[in-house]
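Trainee: For reference, the chains in residue letters:
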Amino acid sequence: MPPDARLIIGVVLSGLLMGGVYALVSGGLSLIWGVLKVVNMAHGSFLMLSMYLVYWLWRLTGLDPLLTIPITVTLFFLLGICVQKGIIRHILEASLVNQIFVTFGMWMLMNNLALMLWKADFRTVSNPLVAGGFGIMGVRFSLPKLVSFAFSILATCTIWLFLQKTKIGIAIRAVAQDRKAAWLMGIDVNRIYEVSFGLGLAAVGLAGSLLANFFSVYPYVGDIFHIFALTIVTLGGFGSISGSFIAGLIIGLAEAVSAFINPALKYLVVFAIFLIILLLKPEGLREAL
Amino acid sequence: MKSYMRVIPKGMSARHIAYLVSAMLLGAYPFVFREPYFLYVMINMLLYAFLGEAWNIIGGYAGQCALGHVAFFGLGAYTSSMLFIKFGVSPWLGMLVGAFLAGGVAVAIGWPCFRLRGAYFALATIAFAEMVRVLFNHWEFVGGAVGLRLPVLSDSFKAFQFRSYIPYYWIIFAFFVFSFLLVYRLSKSKMGFYWRAIRSDPDAAESLGIDTTKYKLISMFISSFLVSMGGTFYSQLVLYVDPASVLVRDLSVRVALVAIVGGMGTIEGPVLGSFIMILLSSLIRARFGEVPGLHLVIFATILIVISTYEPRGMMAILENLRSWAERRRSVAAP
Numbered sequence: 000m001p002p003d004a005r006l007i008i009g010v011v012l013s014g015l016l017m018g019g020v021y022a023l024v025s026g027g028l029s030l031i032w033g034v035l036k037v038v039n040m041a042h043g044s045f046l047m048l049s050m051y052l053v054y055w056l057w058r059l060t061g062l063d064p065l066l067t068i069p070i071t072v073t074l075f076f077l078l079g080i081c082v083q084k085g086i087i088r089h090i091l092e093a094s095l096v097n098q099i100f101v102t103f104g105m106w107m108l109m110n111n112l113a114l115m116l117w118k119a120d121f122r123t124v125s126n127p128l129v130a131g132g133f134g135i136m137g138v139r140f141s142l143p144k145l146v147s148f149a150f151s152i153l154a155t156c157t158i159w160l161f162l163q164k165t166k167i168g169i170a171i172r173a174v175a176q177d178r179k180a181a182w183l184m185g186i187d188v189n190r191i192y193e194v195s196f197g198l199g200l201a202a203v204g205l206a207g208s209l210l211a212n213f214f215s216v217y218p219y220v221g222d223i224f225h226i227f228a229l230t231i232v233t234l235g236g237f238g239s240i241s242g243s244f245i246a247g248l249i250i251g252l253a254e255a256v257s258a259f260i261n262p263a264l265k266y267l268v269v270f271a272i273f274l275i276i277l278l279l280k281p282e283g284l285r286e287a288l
Numbered sequence: 000m001k002s003y004m005r006v007i008p009k010g011m012s013a014r015h016i017a018y019l020v021s022a023m024l025l026g027a028y029p030f031v032f033r034e035p036y037f038l039y040v041m042i043n044m045l046l047y048a049f050l051g052e053a054w055n056i057i058g059g060y061a062g063q064c065a066l067g068h069v070a071f072f073g074l075g076a077y078t079s080s081m082l083f084i085k086f087g088v089s090p091w092l093g094m095l096v097g098a099f100l101a102g103g104v105a106v107a108i109g110w111p112c113f114r115l116r117g118a119y120f121a122l123a124t125i126a127f128a129e130m131v132r133v134l135f136n137h138w139e140f141v142g143g144a145v146g147l148r149l150p151v152l153s154d155s156f157k158a159f160q161f162r163s164y165i166p167y168y169w170i171i172f173a174f175f176v177f178s179f180l181l182v183y184r185l186s187k188s189k190m191g192f193y194w195r196a197i198r199s200d201p202d203a204a205e206s207l208g209i210d211t212t213k214y215k216l217i218s219m220f221i222s223s224f225l226v227s228m229g230g231t232f233y234s235q236l237v238l239y240v241d242p243a244s245v246l247v248r249d250l251s252v253r254v255a256l257v258a259i260v261g262g263m264g265t266i267e268g269p270v271l272g273s274f275i276m277i278l279l280s281s282l283i284r285a286r287f288g289e290v291p292g293l294h295l296v297i298f299a300t301i302l303i304v305i306s307t308y309e310p311r312g313m314m315a316i317l318e319n320l321r322s323w324a325e326r327r328r329s330v331a332a333p
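Protein sequence lines correspond, in order, to chains A and B. Here the first sequence is numbered in numbering that gives the first Met the number 0, starting from 0 and rising by one per residue. Here the second sequence is numbered in numbering that gives the first Met the number 0, starting from 0 and rising by one per residue.
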């Protein structure tokens with residue numbers, strides 16, 4: 000293969016791998032949005048918290064980021080239930096502005112708390128279990144990205160199967176479609192909300208464990224992931240796990256290719272996609288899938 | 000009671016007296032507190048009150064969750080600064096150019112976005128503001144990520160530059176009074192009632208023959224016009240403009256939250272919200288020193304609690320307290 004082609008294939012694959020992680024984060028956001036009809040503006044900050052948790056676990060106990068997965072997933076599932084019980088439950092019937100600003104308040108709270116406690120320093124886990132890269136036919140792969148992609152796909156498929164096959168999953172979809180009808184059918188709607196928010200944050204917890212392998216942690220690290228996740232959920236259609244998965248790959252690809260052409264373009268292209276999708280087809284790809 | 004009534008001119012209520020007293024206190028402030036720090040704190044308070052009033056027009060009265068106002072703030076700051084640096088145009092004129100530019104952009108953006116319902120509108124405004132930030136970050140003509148440094152000159156009204164904070168105080172005080180009176184007039188006007196109709200039920204408003212898009216666009220125009228003026232003021236105050244200070248998402252949220260904490264859709268709300276925020280941050284700074292983020296942590300907590308339990312803000316809490324006190328008095332009196 001000519002070196003140029005190798006480089007381009009490398010860029011495309013790297014974008015797709017990153018897209019897998021985006022898909023995981025967005026899947027959580029999409030689930031919360033679809034079931035509770037609340038846009039979680041603090042989603043990225045939960046990711047930031049998870050990354051800090053992983054970092055501190057590694058720093059204080061030497062636990063490898065990959066081995067923290069059971070801890071982050073469990074803790075963030077429980078955190079999701081607590082947030083749902085403590086805050087979100089009270090604003091389900093509130094006006095949109097209030098819903099958005101409660102979650103914006105959570106965003107502000109977590110980001111500034113992180114800034115206060117851990118300063119604006121960039122922190123990186125050094126020598127994780129998976130590091131470096133390898134080459135196949137001259138195309139370079141980053142090992143942590145590949146592992147993250149594998150875990151993300153696994154998790155996304157698990158969530159999807161859970162929603163399709165299990166009793167609770169079907170109940171979640173029923174509530175997403177029509178909460179009143181689901182309630183009349185005897186579904187404990189409040190419990191479904193708690194499970195959904197918990198699952199949404201568990202996805203973020205997992206993503207934190209994966210990203211900490213190759214991404215620096217700082218108080219605002221969640222913000223850019225949040226904007227990406229909002230773009231992906233809009234593109235994929237809120238509430239659709241498969242939609243956000245495909246949209247995640249598209250955005251990962253778009254980011255990598257535009258960054259390859261000109262690093263300055265990277266975010267601009269993603270935001271432009273966001274705005275264009277919003278204006279042309281705000282219901283997203285969901286119906287096409 | 001009767002003799003008390005005679006002192007007050009006809010048509011004036013207790014509320015108007017409260018306005019006048021507050022205005023007099025604010026007017027007396029720079030004569031009492033002459034230290035730069037106290038002036039700076041109060042300038043910030045008035046700036047946020049001014050921006051909060053501006054956001055209140057679109058967010059509080061017309062009920063549209065606009066979250067990209069920082070883009071208009073940035074446009075104002077950049078336009079006047081660029082015109083001054085490149086062509087020597089007085090920032091006062093630059094401010095007007097920037098305000099009309101911001102208003103025009105707001106209408107151009109609002110036109111397609113107002114078709115979007117609910118959260119999608121909010122997301123579109125965020126996407127727009129982020130795009131503007133990234134654009135300015137990489138646009139070398141306007142200084143890129145480094146930003147613009149305004150030349151420091153001697154005191155000059157024409158150049159909108161002063162050594163002392165006192166002139167800045169009077170300017171932002173005038174801006175604020177202007178915005179307050181404007182919102183007061185608008186809220187009592189026919190358009191104010193149209194906005195509230197759109198806020199409470201857009202479909203019903205449309206069916207009653209209100210051109211909802213038109214009135215939303217007007218409120219967007221006025222709101223972004225004012226916010227852009229605030230941007231120019233800010234750039235003249237700190238004499239430095241860069242994307243990290245005038246185009247960050249935090250600012251969009253902060254502008255909106257002074258209005259939300261104080262009370263959306265009320266004239267006094269943004270003033271109250273801004274007063275609480277600035278008081279809190281100065282008290283914390285005095286007590287704990289420079290702890291980055293601490294005052295925002297506390298303010299975010301207040302925002303969460305208020306938005307969750309009293310969505311109508313501090314104004315509603317005060318109102319509840321007043322009616323509670325009145326009930327107690329009426330129970331005690333007979």
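What the hints contain is simulated information worked out from the structure, not anything from laboratory work. Only a predicted model underlies this, so the values are computations on that prediction, with no experimental measurement involved. Glycine residues also receive a C-beta, built at the ideal position from the N, C-alpha and C atoms. Do not rely on the hints blindly, as some may be mistaken.
[To be verified] Chain A is faced by these chain B residues, among others (derived, beta-carbon under 7 angstroms):
#	residue
1	Cys64
2	Val133
3	Gly142
4	Gly143
5	Ala144
6	Val145
7	Leu147
8	Leu149
[Claimed, not checked] Output of the computed footprint for chain B on chain A, the stretches with three or more beta carbons under 8 angstroms from beta carbons of chain B:
#	stretch
9	77-91
10	97-103
11	114-126
12	151-160
13	268-281
Trainee: Would you mind marking each hint as holding or not holding in the structure?
Mentor: Here is how each hint holds up against the structure:
no.	hint	result
1	Cys64	5 angstroms, holds
2	Val133	5 angstroms, holds
3	Gly142	14 angstroms, violated
4	Gly143	9 angstroms, violated
5	Ala144	10 angstroms, violated
6	Val145	14 angstroms, violated
7	Leu147	19 angstroms, violated
8	Leu149	25 angstroms, violated
9	77-91	holds (count 3)
10	97-103	holds (count 5)
11	114-126	holds (count 4)
12	151-160	violated (count 0)
13	268-281	holds (count 7)
The structure fails hints 3, 4, 5, 6, 7, 8, 12 (numbered hints given earlier, in ascending order).
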